[in-house]
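Enquirer: I would like the entire structure built from these sequences, with the hints used as guidance.
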Amino acid sequence: MKNHEGRIKAAEAGFLRTLCVVMILVACGPRAAVYAADWPVFRGNNARTGFTAELAYPPLTQAWSFQVQGDVTSSPVVYDGIVYVGGRSDSVYALNAITGELLWDYSTDNWVDATPAVSSGTVFVPSKDGNLYALDRLTGDVIWSAALGAGALSSPLVLEGKVYVGTGIPEKKLKVFNARTGEYLWGYQAGQPVDSSPSTDGNTIFFGSNDGKAYAVDPVSHAAVWEHPSSGFFGIVSIGVSSPSVYAVPSRETGKLYRLNAAIGNVTGTFEPFPADQGTIEMEVTSPVLARDKIFYGAGTVPHGLFALSMSSLESVWGGTPSLGNTSLFGYPAAPSMANDILYTPTADRRLVAISSSGVTKQEINLAAPSYTSPAISNGYIYIGTMGGSLTAYRAAKAAAISYPKTQEIIQDTATVRGFVRAPALAGYILEYAPETDPENPVQISSAALAPGADIEGGLLGYWNTGGLANGLYTIRLTMLEAESVSTDNTAEVGVRVNHPPLPPAGLRAADRPGDSGNTIELVWLPCAGASAYNVYRSTGGAFALLASPGAAAYTDLTAVTGSMFTYKVRAWDGWVESADSSTAAAAAVNNNPASDAVTPARTVDLSAAPGAAGGQVLLAWTAPGNDDMTGTAASYDIRYSTAASFDFAVAAVWKSARAVSGAAGTTETEIVSGLFGGVTYYFALRTADLIPNLSATSNMPDSWALRDLFPPGAPANFAAADTPGDAGGSLTLSWAMSPDDGTGANDVYGYKIYRGLSSGAFSSTAPYACVGKGVKTYKDNDAPDNMRFYYAVAAYDSTNNSVFSNESSAISADNYRFLDSGQGGSLRLEDGAQVIIPRDAISQNAYIIMQKVDPSGYQPLARVKANSGVKPTSVVYEIKFSTPSITLVKNVQVVLPYADSDIAGMNEKNLRMYTASAGSGDTWLLLDTSRVDEANNTLAAEVSHFSLFRVMEYVPSGALISADLVYTYPNPAKGGILTFKFKPAYEAFVKIDVYNVAGEKVAKFEKAGCQAGVTSEIQWNIENIASGVYIYIVEAASAAGSKKITKKLAIIH
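Residue 1055 is where the sequence shown ends in our numbering, and the numbering goes up by one at each step.
Treat the hints loosely; a few may be bogus.
What the hints assert, rightly or not - Pairs of lysine to aspartate or glutamate residues, derived as DMTMM-like cross-links and limited to a Cα-Cα distance of at most 25 Å, are as follows: (1) K976 x E1008; (2) K1006 x E1019; (3) K882 x E809; (4) K911 x E936; (5) K1045 x D995; (6) K570 x D517; (7) K854 x D724; (8) K781 x D728.
Source of the hints: derived by calculation from the structure; they are not laboratory data. Predicted model, so just to flag it, every value in this text is computed and none were measured.
Expert: See the structure below:
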């Protein structure tokens, strides 16, 4: 390789910007991509349309010319005020686009016939020396070079961080490289050399090969999307893209243009300018110009002509064909380029021709040598190279161009719009914008009146404030005004995207994955509106680097090496721009796998203890260890204390056995130990556990005393002592109102001390009878023998003091069970009228029995039972039980429960029933079928077969009035003198029964009114004189809910 000349020129044009913006230039339909100002790649853009939406109207005058020591077949490109071109001097050149001053050149080892491609800060160009070069666009320094394995004429395509370039013999591939590093990524094999420059619609890569095929390749899967064959030869002719179609013109055919569907490759139209018998070997064609709704391209032998077609119909729109002179030396004439209404095309017969979109020649300029380069048009200048080695710039008499912002640049706030405006009769300009969704209603940005000669050359046009605009595509339009009437298109347009960044993600958390073997950290954060993905960045103490781009608001880092601390931040990405940084989160991966984690948390060595801020408190502080030694986050602490200096962790009092760890290793931890006694010295220690759990060694053991509390708590009030109800004697129940400092006030009560004596006032404050904790307001003294009076008082205590005594109260315990002789029977009646009546020989042995009313809201068994039918419960609940659970009833006994009108308010008294709760029936309330209500005496009675809980409830009728399974006879078959009909209506009912023999003759009739709802009613039939046989009986029930009949059979046998 030759030496780098290193000729850098400091002076640059005033409008040259050093800010480089990465652009993806894609064609998305005739209006969607609007290209202007820069001409950074072959044919002006990545769609290879050869068209720019700016005014560069003739006549042209030469602005400057630069002599290259060799022919120039490379087409020039322009980016940010610099023109780049290759030459057969084996070099790449960069020149000031306005003055022609050389800025730098770089020498390769062979001809540079390929056209450079500029993206952001880099110039990409292949050489026939078999290398692809990436050069700093401002200095010419080599960023990287990559071997192609063959010479290349193809101009590179830069798309989404990758460089695509075709190669010649022997490779014959489209090759793909990493644009930043030059790493070779993949290649697609063609049948012949790929000299054509690849194009794209942003989703698919298109290129032609010398095997005559047009190829479409997926840049993600690297597979062919489609291939379209022809009998021609593409050479350097590029495929033009205007979605949804691509346009291919292979040479060595009849000059035929193919319109292909970009998605599937089928032919949707053709144009054939010459008949097939004219000959095809010498047929020359050019890359097409795709200009809004028209197509222009060159084709022919001698002479070579320019054709204009309708993009929709592919029919010629000109009456004639302008001649472009003789065929070229190489078989590839220069491809025309177009600015608004004017096509510029060099010719092989040494001319530069300007032709209008209507086919009228506007100017011809004689050149010193043939030209085979496609012109670059930028900011009202036209650049061409010649076989004589010159690179020449021509200045258009009339120009309107937007030089900033650039095509598809992303605008977030206020954009400074710069550009070029000139004309002999200049009068001013108007600058406007329009959203893609409403292109016909532009909004003015600025305007100015200008006098002839007051040209703007790269100067300020206006400030565009986008703060109130919605995200989306917009077109900025510059219109040059002239003092005289004009018929030219005096506009320039550039398509940009307004895109305000999404809000940064909130709530970022990083944590080790529990239960794994390490090397994994899990991240979560809150989703952001409008975000399509999130960019996760990671640091180990230095700069943050992009780690991943998940689509969801969570990510698992599987490369977080165990034992290292990693810091993360996240940015929301809406497909165009990133948000600001989220807050950071840090974590370390640890091994939590029980099968392999044997590393304990580190021993704590800096545990300290000091008196707390309140009485009975000690403040502990220490540095958190890690999950594995001093790495990661442990799980919990076991904190203990003792009043003995010979601290034994195993028997010391437990303050908290699983106090959660607050943070990762190195975090400062504090803990307030309360409930201690003031003035007493305590010793403290802790151990740390991970999730396995592996336990650390016991920490150091500091000591401290707890502060004394100078103020005693308030005394408890309303103290009362009473016999314990429902017991067999020997216990007294104490109750009180809690201290005003228990849960409220100073809230420093530790508990209550209970004092007992055999005489009034015989209490010692230093000798309590019993102690209970704070929040407790009852105590049961189970060591109070019957018929002895005991005196009691209670005091609250805190860390240091007792309150004064409560009021004194005394009580005598008694046996609440009553003796019952099984052979005599008897009854037990309470003062409220509740009673149980037990006949002789109804219990299995002599027993003690108790009946008591209970509170359903506080009686534990009632919390788990439920009724087996629709009910409305009352608060009337009684419990009856024997002192010995093994004693049972051997006969039914009667239970009578009283109720008050207030107990059954809103209920139907006729439907009151007695229910019993029985564990044997699945802990459900069961209706007692024998229950009967006495409305006159407000009582409810029932025959019961066992003692349990009994409750008064309203039976709520529902369902069918009567059902067949609740109608039967007893006995069946009937024998003897009496047969009983039994039935249970769901509602109170009048019941009629008709009995028929098998001959259909009625043999009996019965009626009963007022049959209660929900319980079994009976009608008896004397059958002594009824013949044996089968009988049919019909039970009809009638009520306010309707009526229903049930037909069944019975048998009588004498």
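Enquirer: Are any of the numbered hints broken by this structure? If so, which, sorted upward?
Expert: When the structure is compared with the hints, only number 3 turns out to be violated.
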